[in-house]
Amino acid sequence: MSPRLRGILFRIAQAIPVVIGVVIIGFVLTRALPGDPAVYFAGAAADATSIAEIRKTLGLDLPLPQQFLIYVGDLLRGDFGQSISTGQPVIADLASRLPASLELTLVALLLSCAIAIPLGVMAATRPGSLIDHACRVLVTAGVSLPTFFTGVVLIYIFYYLLGIAPSPLGRLDFIYIEPDRITGFYLIDSALAGDGETFLAALRQLVLPAITLALFTLAPIARMTRAAMLGALSADFVRTARAAGLTGRTVRYTYAFRNALLPVVTTLGMVFSFTLGANVLVEKVFAWPGIGSYAVEALVVSDYAAVQGFVLAMAFLFVALNLLIDVTYTLIDPRIGFEAS
Amino acid sequence: MSATTESSGTFSHIGYVLRGNPVTLLSFVMFAILIIAAVLGPLLVPYDPLASEAANALQPPSWEHWFGTDNLGRDVFSRVVTATRLDLMISISAVTLSLMAGSILGAVAGYWGGWLDAVLNRVMDTIMAFPLFVLAMGIVAALGNTVENIVYATAVINTPFYARLVRAEVNIRREAGFVHAAKLAGNSDIRVLAMHIFPNALPPMMVQMSLNLGWAILNAAGLSFIGLGVRPPTAEWGIMVAEGANFIVSGEWWLAVFPGLALMFAVFTFNLMGDGLRDIVDPRQRT
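Line order of the protein sequences matches chains A and B. With the numbering used here applied, the first sequence corresponds to residues 1 to 341, in that order. With the numbering used here applied, the second sequence corresponds to residues 342 to 628, in that order.
Treat the hints as calculated values from the structure; they're not laboratory data. Model, not experiment: these values are computed from the prediction. Just so it is clear, CB atoms sit at the ideal spot from N, CA and C, and this is done for glycine as well. Just to be clear, a hint being listed does not mean it is correct.
Quick list of the computed label-pair ranges, beta carbon to beta carbon [to be verified]: (1) A:Gly231 / B:Asp530: 47 to 53 angstroms; (2) A:Ala320 / B:Ala509: 27 to 33 angstroms; (3) B:Leu543 / A:Leu262: 31 to 37 angstroms; (4) A:Ala243 / B:His521: 55 to 61 angstroms; (5) A:Leu106 / B:Pro402: 47 to 53 angstroms; (6) B:Leu384 / A:Ala114: 48 to 54 angstroms; (7) A:Arg239 / B:Glu489: 52 to 58 angstroms; (8) A:Leu262 / B:Pro574: 40 to 46 angstroms; (9) A:Asp236 / B:Met441: 40 to 46 angstroms; (10) A:Gly128 / B:Phe606: 27 to 33 angstroms; (11) A:Gly78 / B:Val460: 26 to 32 angstroms; (12) A:Gly231 / B:Gly455: 50 to 56 angstroms; (13) B:Tyr357 / A:Tyr160: 48 to 54 angstroms; (14) A:Glu178 / B:Leu543: 53 to 59 angstroms.
Only chain A is shown next, with the shape it has when bound in the complex (with noise of 0.2 angstroms):
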């Protein structure tokens, strides 16, 4: 076995514990803590015997070890439970909601990449300029903004004053036909039917909620691209390159860019991890369809089942993301690779 393999291996079963561990949260969630979900389950007109019988259908009276088994069980085959508010099963609920969510942050996320890593690279070619202190004010105001507060003025600015955005309210304008479901993406799918009118639409939808995300990422990601970016220029190799007479681009882009990109890719975990939370109040600023929204409004029906659905959803997808990005990282740095072997 190649190192590099085993290094995946190995990253991949580092994952099993968080797995497990995220499971055992979920379970405690869902039936350990205090209050009775047999009584959210039932709905407000239960009595005590359809109370009773609610428990005993969910398995409530059986001891915990066993209650545990059947909601690993129930995981395993992708039950996790049905919404009282849609009646539908929460995957379902969750399944058709997720590429809403995914599209607005996987173009939020691009954005923001396109804008803070170039960013914190000038900043730290060119340390003390103007573009440097211009970084540092944008990460620290970046870290102070309210999600949902960015989103309110921006559809101020461009939808009440501009008059240039449509209205705050979901992914397309009731005026246009959704195009046919194959990805979920709105503009690629769009885009396959060849529909360049409704293309339109839906990107005229995604800018505001998009750019508001954006702001949000903006900061970490170029923080750590211009720590990256400084220690990758002070590092031995660049002054090697540089003694060799290299032309300053070749050691600037190729020598220092591409190994400041390894700890940028790391971070941008954890920017998902921040953006899969700052993305449930985005939606619910633009009533953007999406997952965090079906949380919100399954948080205001007291819709038990369907929050904590979407609390292990995202937590697994989250697992699976840092897992990816490992992953990658150890594809692309052959370094990685020997230190778990």
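Using the hints, position chain B against chain A.
For chain B alone, coordinates are given in the frame of chain A:
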């Protein structure tokens, strides 16, 4: 121990840092404003934050109502100032709770190590495996929708940061000379841990705490923005932005903008102060 010379040294160092860094000084001034608003706010405001006056609803900012009035005719300025106490209380109690829990867990794990350490690390890894805001939502949903549960949820998601920090600080000093000396002098393990090792972790903890406070306020305001914890008509920044958001599309900007700015002011203060404290505590980490 020469306490006087040491503390005067510390003070002159703080004075030196503050002179060299007016931004940190500014952050302390901003912090003082926040504290005054939190302690005296309800006494200073011109109107009752809950008193509605339907005839005077949705008035733009004026001399009578500096920040305008909301849809029920309540004075937005009075509500923004009054809300400071609740917002600061939620975040400060949450951060204090996680500081205490993190200190105890981290110190025990770092000092005794072994299976305790391994278990704690696993638990903290698992908490960090959740998107933290989402976990907070799940905790509040499971415990029940009250302000206390917002505090507990925020405390839980902050605890790993402190536990890891304290664990690292305690662990590197476990075998230090002064620890052996203290033990040989007959101090018990717990006493050595609490009186000799733990105080070393306090300076970095203070920095972490200040940076965390800003984040805790954002988190709590975010939770109440989506309808958790604080209920209307209570004045709280997050819920005020949420209520104001309904009026932003028809142009009544003052309802959402002023509480939002107050929130940003608070978060910005704590972030600046955290950076400043880090310069005082650990000059090497200056960025």
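How the hints compare with the structure:
no.: 1; hint: A:Gly231 / B:Asp530: 47 to 53 angstroms; result: violated (40 angstroms)
no.: 2; hint: A:Ala320 / B:Ala509: 27 to 33 angstroms; result: holds (28 angstroms)
no.: 3; hint: B:Leu543 / A:Leu262: 31 to 37 angstroms; result: holds (34 angstroms)
no.: 4; hint: A:Ala243 / B:His521: 55 to 61 angstroms; result: violated (48 angstroms)
no.: 5; hint: A:Leu106 / B:Pro402: 47 to 53 angstroms; result: violated (40 angstroms)
no.: 6; hint: B:Leu384 / A:Ala114: 48 to 54 angstroms; result: holds (50 angstroms)
no.: 7; hint: A:Arg239 / B:Glu489: 52 to 58 angstroms; result: holds (57 angstroms)
no.: 8; hint: A:Leu262 / B:Pro574: 40 to 46 angstroms; result: violated (51 angstroms)
no.: 9; hint: A:Asp236 / B:Met441: 40 to 46 angstroms; result: holds (44 angstroms)
no.: 10; hint: A:Gly128 / B:Phe606: 27 to 33 angstroms; result: holds (29 angstroms)
no.: 11; hint: A:Gly78 / B:Val460: 26 to 32 angstroms; result: holds (30 angstroms)
no.: 12; hint: A:Gly231 / B:Gly455: 50 to 56 angstroms; result: violated (35 angstroms)
no.: 13; hint: B:Tyr357 / A:Tyr160: 48 to 54 angstroms; result: holds (49 angstroms)
no.: 14; hint: A:Glu178 / B:Leu543: 53 to 59 angstroms; result: holds (57 angstroms)
In terms of the numbered hints stated before, the structure departs from hints 1, 4, 5, 8, 12, listed from lowest to highest.
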